[in-house]
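Undergrad: Based on the sequences and whatever the hints tell you, model everything.
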Amino acid sequence: MREEPKKYMNPYLAGFILGFVLLATIYITGRGLGASGALKSVVMQTVNDVAPSHAENTAYYKDYNASHPDGPLKSWLFFEVIGVIIGAFVSGLISNRVAFKLERGPKVQKSTRIAAAILGGALFGFGSQLARGCTSGAALSGMAVMSFGGILTMMSIFGMAYGVAFFFRKLWINK
Amino acid sequence: MGPLVPNIISSDFSLIIAIILGFGFGFALEQAGFGSTRKLVGLFYGYDFTVLKVFFTAGVTAMIGVVLLNHLGLLNVDIIYINPTFLYAALVGGGIMGVGFILGGFCPGTSVCAAATGKIDGMTFIFGALLGIFAFTEFFPLISTLYTAESMGNVLMFEMFGLSREVFALVMIFIAVGAFYFVQKIEDKVNGVTPSSSKKTILNYSIVIGVAIILVLITIITPTRSELMHQRIEHMLSDESINIHQMDGDEVAHELMNQYYKYNVIDVRSKEEFDKFHIPTAINIPLAELSNLENRSVFSQREKINIFYAGESVDAQRAYLTAEYFGKAENIAMTTTADQFKKNYYELNTVSENSSKKEKDIYLFRSNAATKLNEIQEALLKMDQPVEKKVARVQGGCS
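As given, the protein sequences belong to chains A and B, one line each in that order.
For the first sequence, the tail end lands on 175 under full-length UniProt numbering, and the numbers increase by one without skipping.
For the second sequence, the tail end lands on 399 under full-length UniProt numbering, and the numbers increase by one without skipping.
Just to be clear, a hint being listed does not mean it is correct.
[Stated by the list, open to error] Straight-line Cα separation of at most 27 Å, DSSO-like style, residue types lysine-lysine; simulated pairs:
id: 1; chain 1: B; residue 1: Lys39; chain 2: A; residue 2: Lys7
id: 2; chain 1: B; residue 1: Lys189; chain 2: A; residue 2: Lys170
id: 3; chain 1: A; residue 1: Lys175; chain 2: B; residue 2: Lys262
id: 4; chain 1: B; residue 1: Lys342; chain 2: B; residue 2: Lys382
id: 5; chain 1: A; residue 1: Lys107; chain 2: B; residue 2: Lys39
id: 6; chain 1: B; residue 1: Lys343; chain 2: B; residue 2: Lys262
id: 7; chain 1: B; residue 1: Lys382; chain 2: B; residue 2: Lys358
id: 8; chain 1: A; residue 1: Lys101; chain 2: A; residue 2: Lys6
id: 9; chain 1: B; residue 1: Lys200; chain 2: B; residue 2: Lys276
id: 10; chain 1: A; residue 1: Lys6; chain 2: B; residue 2: Lys189
id: 11; chain 1: A; residue 1: Lys170; chain 2: B; residue 2: Lys39
id: 12; chain 1: B; residue 1: Lys200; chain 2: A; residue 2: Lys7
id: 13; chain 1: A; residue 1: Lys175; chain 2: B; residue 2: Lys185
id: 14; chain 1: A; residue 1: Lys7; chain 2: A; residue 2: Lys74
id: 15; chain 1: A; residue 1: Lys170; chain 2: B; residue 2: Lys185
By construction, these hints were calculated from the structure, which means they are not laboratory data.
TA: Structure follows, in structure tokens:
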């Protein structure tokens, strides 16, 4: 029989550990943690592989490739996210939380949830590029080093999410 | 002194560290419950504020850590990556991400955690994020104006409010604690739970908060390492018994004429003064920049003897003591000031017939020395110029 998933960690303790990892990252590398940057590496590598002539003839890809001479995937964030995948998997494994599952609000169709996740992902991906970082790279890491831009991005993300939460409540709650 | 990459740890090895740190990041996120989309969006509907609690605690913990490491002189905050501020890109990009958060129920980091633990919605979110990033790179020319508008540089939050880093950290602790208290009330109300914290829990939280506040207060009250250094140097300057190895201008000139290659002559005046006149072969490191990281190698090398000179001989002594403080190199403070040296050697009054022998000798020595030193300088100029040392800011960010 499958064991019950364990309880989540105390949020403050988890936050403290996360903060410590972030501090170690800043101390060792001088930069913060991130996530969307790794996804960008994947996009760049894909474009380079699938449409090399397009990458060579478009200014944005040319600039990016010029600043990443070893290839998009040999980037700090890409390796960091490989670590995130392993770390999350191990954590899920020891807490009996690894399972194929589609999580959704109580009144939501599977297809709706998948479409919303893709659309939401697309918006998040696009926004993270515009704001030069996502919740990890801009908001969290920015807060640690007290960057004005990072904290502004954080307030903008959460402010907007609160602003529209009411209109999308059917995705998540019973009201 | 941190950061350790790239000066202490190589860039390739840093990729292995990336995996290790990423492991910790992913582990903490998953343990906090960030692999579950229902838990993540909870804060927007009031039933679960885990995101805010974890996020704020992590941010404040790291922030206090940075303040402490900076105070102890273990981390150079001037070169760590500071997310640059592009006002409109941050606001609009953040807003778009906010909508994406509600629709998709994840942010990129948490979607990776969800996918790693088998959540199909996490995987589809990642797929969507890749599409969104691709859309950005494809349509970049259309967005580039917004992307770069209102560039404000590496602005820091506390600078905006005219506070010190430490005081701002203290403010953030209070904001965080206030927010934790407030959201717990909302959470209890929405979930219909009667608040029940045992005395022991309250005590434990109070201790943690207290420790955080005390740590920051200590950094405010106690002097930083560089302040300590300056205090010590000033104290030593006023102490007659301290032995400072000194030479006057003539001795220095004599040494340079015969074996210039044995010495680093360092002019600690401003760049403008240095450009107007400097002793041949000298390099310029203004006194205030002497203790900067990029100049430390001057103090630790053992091949050459450092000779410091300044606009006032006490500044040369300060430079000497700074050098002694940081490294094992042999140092000398020149007693003759820069202006005096210039007068003695390059604005030399001719001696008359009835001057004393000593005056004549000095004149002869100094005019010879001036010519010789200029020749040495000329010869050195033809060789490689010294490389100007700079410590660059670390590159980072998510873009």
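Undergrad: State the violated hints by number, sorted upward, taking the hints as numbered earlier in the document.
TA: Of the numbered hints, 3, 7, 9 and 14 do not hold.
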